[in-house]
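Asker: Sequence:
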Amino acid sequence: MVFNVESSVPDVKEKDWRLVINGRVKNPVDLSIEQLKSDFRQESVETNILCLRGVRIKGHWSGVALKKILEVVQVRRDANWIRVKAYSDYAEPVRFDDAKQDSVIVAHSLDGETIPKKQGGLLRLVVPEKYAYKSVKWINELNVLAERPDGFWEKKGYPYKDQSNSA
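Reading the sequence shown from the start, the letters are residues 1 to 167 in the numbering used here.
In short, the hints are calculated from the structure, not lab data. Hints are supplied without guarantee of correctness; some may be wrong.
Stated by the list, open to error - Computed cross-link-like contacts, EDC-like style, restricted to lysine to aspartate or glutamate with a CA-CA straight-line distance of at most 16 Å:
hint : residue 1 : residue 2
1    : 67        : 102
2    : 58        : 46
3    : 100       : 71
4    : 26        : 78
5    : 68        : 43
6    : 100       : 129
7    : 68        : 98
8    : 67        : 43
9    : 67        : 98
10   : 68        : 102
11   : 15        : 34
12   : 13        : 34
13   : 68        : 30
14   : 100       : 43
15   : 117       : 11
16   : 117       : 16
17   : 68        : 89
18   : 118       : 11
19   : 58        : 113
20   : 100       : 78
21   : 85        : 43
22   : 155       : 89
23   : 37        : 16
24   : 118       : 14
25   : 26        : 71
26   : 67        : 97
27   : 85        : 141
28   : 37        : 14
29   : 37        : 113
30   : 15        : 30
31   : 68        : 39
32   : 67        : 39
33   : 85        : 154
34   : 117       : 14
35   : 58        : 129
36   : 85        : 30
37   : 58        : 111
As the structure is a prediction and not an experimental result, all values here were calculated from the model.
Please construct the entire structure, taking both the sequences and the accompanying hints into account.
Answerer: Structure (structure tokens):
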């Protein structure tokens, strides 16, 4: 089962897909999927992420550790949050300390294949220790911030504290 809060899946070709990292960084970047695959060490993570609807997302995700990308952009000391934005305009905040965990990746593959569009392809942030809504689909921007921004689900009344998937 795939659950989308957006009405449509973005139709962006791989050659045109960009991931912009900006905000409280010294070196903002604009990366293609090809650059993510060729310029960074590839990592993998097994997940069993819990969706708010009770569904579990199991899989073997491959991509780039987010902390490696954050090292390249040289995040400023006052950074506390990352606003993860999708091509669909969906956005969720992720605490900077959570984003630096080894298991958090910018994924381009699921179970050895390109991530299907309905499951967040071509790029998806995978945050295994949080509820699935923090593993944002179709990401195109990581905006590093000092203050916590509003998120899609928090605006609808869901808590942003105690979002652990491990309980």
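Asker: Please work out if residue 13 and residue 34 have their alpha carbons no farther apart than 16 Å.
Answerer: holds (12 Å)
Asker: Would you mind confirming whether the straight-line C-alpha gap from residue 15 to residue 34 stays at or under 16 Å?
Answerer: holds (8 Å)
Asker: Given the hint that residue 15 pairs with residue 30, test it: the Cα-Cα distance must not exceed 16 Å.
Answerer: Holds, because 13 Å separates the two Cα atoms, which is no more than 16 Å.
Asker: Measure nothing beyond the straight line between the CA atoms of residue 85 and residue 141; if it is 16 Å or shorter, mark the hint as holding.
Answerer: holds (5 Å)
Asker: Would the hint linking residue 37 and residue 16 be met if the CA-CA limit is 16 Å?
Answerer: Between residue 37 and residue 16 the Cα gap is close to 15 Å, so the pair holds against 16 Å.
Asker: Hinted pair, alpha-carbon criterion (16 Å max): residue 68, residue 102. Please report holds or violated.
Answerer: holds (9 Å)
Asker: Does the alpha-carbon distance linking residue 58 and residue 113 stay inside the 16 Å limit?
Answerer: holds (14 Å)
Asker: Tell me if the straight-line CA distance from residue 100 to residue 43 falls inside 16 Å.
Answerer: holds (14 Å)
Asker: Assess, step by step, whether the Cα of residue 117 is no farther than 16 Å from the Cα of residue 16, and give holds or violated.
Answerer: Holds, at roughly 15 Å.
Asker: Holds or violated: residue 67 and residue 97, Cα atoms, limit 16 Å.
Answerer: OK: residue 67 and residue 97 at ~10 Å, within 16 Å.
Asker: Regarding the pair residue 68 and residue 98, is the alpha-carbon distance no greater than 16 Å?
Answerer: holds (14 Å)
Asker: Under the criterion that the straight-line Cα-Cα distance not exceed 16 Å, is the pair residue 100, residue 78 satisfied?
Answerer: holds (15 Å)
Checked against the numbered hints given earlier, the structure breaks hints 17, 21 and satisfies all the rest.
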